[in-house]
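Asks: Produce the entire structure from the sequences given, and follow the hints as far as they go.
There are 2 protein chains.
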Amino acid sequence: MPERLGPPLDAPLFERVALVGLGLIGSSIARAARHMNLARAIVAIDADERVVARVRELGIADEATTDAAAGVKDADLVILCVPVGVCGRVAEALRPGLKPGCIVSDVGSVKASVVAQVQPHLPEGVHFVPAHPVAGTEHSGPDAGFSTLFHNRWCILTPPEGTDEGAVERVRAFWTAMGSNVEIMTAQHHDLVLAITSHVPHLIAYNIVGTAADLETVTQGEVIKFSAGGFRDFTRIAASDPTMWRDVFLHNREAVLEMLGRLNEDIALLARAIRWGEGDKLFDLFTRTRAIRRGIISSGQETPEPDFGRRREDKA
Amino acid sequence: MPERLGPPLDAPLFERVALVGLGLIGSSIARAARHMNLARAIVAIDADERVVARVRELGIADEATTDAAAGVKDADLVILCVPVGVCGRVAEALRPGLKPGCIVSDVGSVKASVVAQVQPHLPEGVHFVPAHPVAGTEHSGPDAGFSTLFHNRWCILTPPEGTDEGAVERVRAFWTAMGSNVEIMTAQHHDLVLAITSHVPHLIAYNIVGTAADLETVTQGEVIKFSAGGFRDFTRIAASDPTMWRDVFLHNREAVLEMLGRLNEDIALLARAIRWGEGDKLFDLFTRTRAIRRGIISSGQETPEPDFGRRREDKA
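Line by line, the protein sequences are chains F and B.
Note that the UniProt record's numbering gives residue 197 to position 197 of the first sequence, counting from 1, and the numbers run on in steps of one.
Note that the UniProt record's numbering gives residue 216 to position 216 of the second sequence, counting from 1, and the numbers run on in steps of one.
Certain hints may be false.
The list cannot tell twin chains apart, which means a pair is met if one copy fits it or any two copies do.
Think about it this way: if two alpha-carbon atoms lie no more than 20 Å apart in a straight line, the pair counts; the simulated EDC-like pairs of lysine to aspartate or glutamate are [claimed, not checked]: (1) K73 with E161; (2) K281 with D214; (3) K99 with E15; (4) K281 with E254.
Just so you know, the hints here were simulated from the structure itself, not pulled from any lab data.
Replies: Now the structure itself:
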């Protein structure tokens with residue numbers, strides 16, 4: 001699975017791309033867009049002055065400012081890379097600077113709520129193409145980003161009905177150039193799919209790590225020492241950005257609670273099988289789940305190295 | 001975190017080590033023990049003729065046989081590396097071959113049940129030192145093993161009260177030489193600690209992967225495509241050996257059900273916080289769990305690379 005970007009484009013796709021929020025995702029887009037020559041100029045906008053200063057030090061954008069309305073001026077693509085809970089407020093703040101014909105997009109992990117929050121603030125003649133790159137790491141901030149983050153990952157677009165097709169195609173081309181595979185679906189379906197593939201796994205990981213920390217019979221030192229038995233893998237996603245994830249759960253409430261309800265039904269069956277010694281039921285499930293892992297590996301969403309390749313270099 | 005074994009010992013710790021069951025763990029012990037010169041001879045015993053043939057091809061043992069009683073003859077260390085559900089039966093089968101003074105150990109992920117199953121079959125003068133190396137990958141079989149599997153991992157010994165101290169020290173030396181850190185605790189405490197750090201995480205991973213496969217609103221193809229959002233990490237441990245894990249749950253029933261009950265209480269609180277929009281409660285938990293991740297990394301049980309280093313080589 002090569003993780004390299006292709007050669008840069010001969011001519012940029014956009015004149016001026018404004019990125020609002022320079023965390024892991026925003027700063028990765030900045031790096032990838034520059035590397036691939038996707039914009040003649042990249043403007044970094046962040047409400048946090050320290051982030052703006054750091055972006056200047058890193059040199060990953062052509063301009064950097066805390067002023068949203070000024071920053072988006074003349075941009076033909078504006079991407080909101082902020083927690084989904086503040087999308088509406090940010091859209092309102094940058095509205096005065098948006099030029100007619102501009103495309104506004106985002107990278108939020110929830111889509112129906114973002115559409116509801118952002119759309120009312122966009123003037124006539126501005127195109128809204130919501131996007132969600134399904135990629136990330138457990139690290140946050142402008143230093144955590146890297147240009148290959150989106151390579152071989154999916155990016156889901158959820159344009160509301162009636163969105164200008166040319167605008168959708170330009171956003172698609174932008175993500176394709178950064179190495180992503182683009183899929184289009186409704187915001188509602190997106191929120192359901194991501195609830196099970198991303199949101200609920202995060203909630204469960206947060207939960208088990210929290211529960212383990214509270215036990216009175218097992219010390220936290222023991223939990224840490226013996227984490228290699230499986231717990232450790234859960235802690236990676238439970239180390240993800242707290243603000244981002246709080247907003248995801250609050251803004252995809254129905255789908256998350258629905259999926260959680262289903263998991264609870266199924267775990268009750270497993271608990272019953274354990275209590276009554278029904279080994280066959282356990283064995284059948286455990287065999288079935290192995291096949292799904294193989295599907296993920298063969299689809300290129302995972303490497304086949306054992307233990308995530310933690311010991312790859314010197315497997316003896 | 002170096003993952004290299006040290007130089008081999010000048011003189012072997014044991015004359016003859018018999019390994020019963022040459023899966024991931026047994027075959028890793030064979031490789032590490034030979035690499036470190038821990039035994040003058042290593043005997044591989046497996047009930048499956050194909051495994052015995054494969055062990056011969058791999059050349060990871062000095063002798064290989066399907067005959068348990070003959071294989072353990074003259075061994076001064078016998079290690080059961082079989083699913084915990086068959087420990088008693090295997091101990092019964094090899095009993096006629098055990099020589100006085102021999103040490104019997106195991107590698108089971110559950111300890112109280114193994115003690116209860118194995119001890120009645122051991123003749124007077126044979127020492128029983130149960131062990132659990134907290135290490136593994138999602139792969140199985142003699143080809144999956146490697147000599148550094150136990151390096152920098154914990155191995156827990158749970159000698160029953162009154163066990164010969166010399167025997168305990170020899171088993172400790174064996175694991176220390178393979179790079180493990182050894183800890184001693186009661187079988188009961190072990191089973192509680194591992195329930196939360198290993199058994200319940202596996203059960204939850206199996207459960208979510210199974211539930212996702214059964215959804216009628218989201219296709220399995222979508223689950224696989226968009227797994228990079230978090231789900232993917234769960235599938236690794238849900239790809240572990242079905243027989244081994246079935247036995248773990250059936251033989252650590254009380255602790256697993258107890259820990260599962262606690263998780264359910266805590267997830268109910270989280271679900272309620274989501275339903276009522278209590279963002280602060282979510283944020284507080286998510287902040288706390290980040291700290292635990294840092295503890296695991298600083299204790300050397302994990303590498304700090306983002307996303308398990310999946311893109312380590314060409315992070316740009």
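Asks: Now tell me, hint by hint, if it's right for this structure.
Replies: Hints versus structure:
1. K73 with E161: For K73 and E161, the Cα distance exceeds 20 Å both inside one copy (27 Å) and across copies (76 Å).
2. K281 with D214: Answer is between: at 15 Å across copies they meet the 20 Å cutoff, but 31 Å inside does not.
3. K99 with E15: Within one copy only: 13 Å inside, 82 Å across.
4. K281 with E254: between (30 Å within a copy, 18 Å between copies)
In terms of the numbered hints stated before, the structure departs from hint 1 and from no other.
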